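Engineer: Heads up, the numbering used here is the position in the sequence shown plus 2, with the first residue counted as 1.
The hints are simulated quantities; they were obtained by calculation from the structure and are not laboratory data. These numbers were taken from a predicted model, which means no experiment stands behind them. Take these hints with a grain of salt, some might be off.
[Claimed, not checked] Calculated pairs, SDA-like style, for lysine to any residue (alpha carbon to alpha carbon, straight line, at most 25 Å): (1) Lys61 to Lys40; (2) Lys3 to Leu51; (3) Lys3 to Lys40; (4) Lys40 to Asp30; (5) Lys40 to Asp5.
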Amino acid sequence: KEDVTNHIVEIFPDSLRQIESYATVAMDLEVTLREKMKLLSSEQFENLLHPIFEEDEWKLVVMGGVLGAVIGFVQAFLINH
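All chains should be modelled from the sequences, with the hints used to inform the complete structure.
Structural biologist: Okay, here's the thing in structure tokens:
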């Protein structure tokens with residue numbers, strides 16, 4: 003069970019979608035993954051999540067820039083008035 007879970011964590015982004023329902027029922031995957039993910043360092047966790055968000059990364063950067071600009075303009079307006 004642990005070896006299989008370690009392998010799934012390694013290939014998580016690609017393979018888990020294909021076997022999610024079976025693995026969840028057959029191996030109590032949710033609990034095992036939760037325990038394994040708690041053991042990951044911040045860098046390992048980021049490396050796990052990065053491929054999942056990679057295609058939308060530009061949207062997050064643009065939205066962060068727009069939100070920062072809007073807040074900056076509001077702040078400048080409030081300071082000057």
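Engineer: Determine which of the earlier numbered hints do not hold for this structure and return their numbers in increasing order.
Structural biologist: 1
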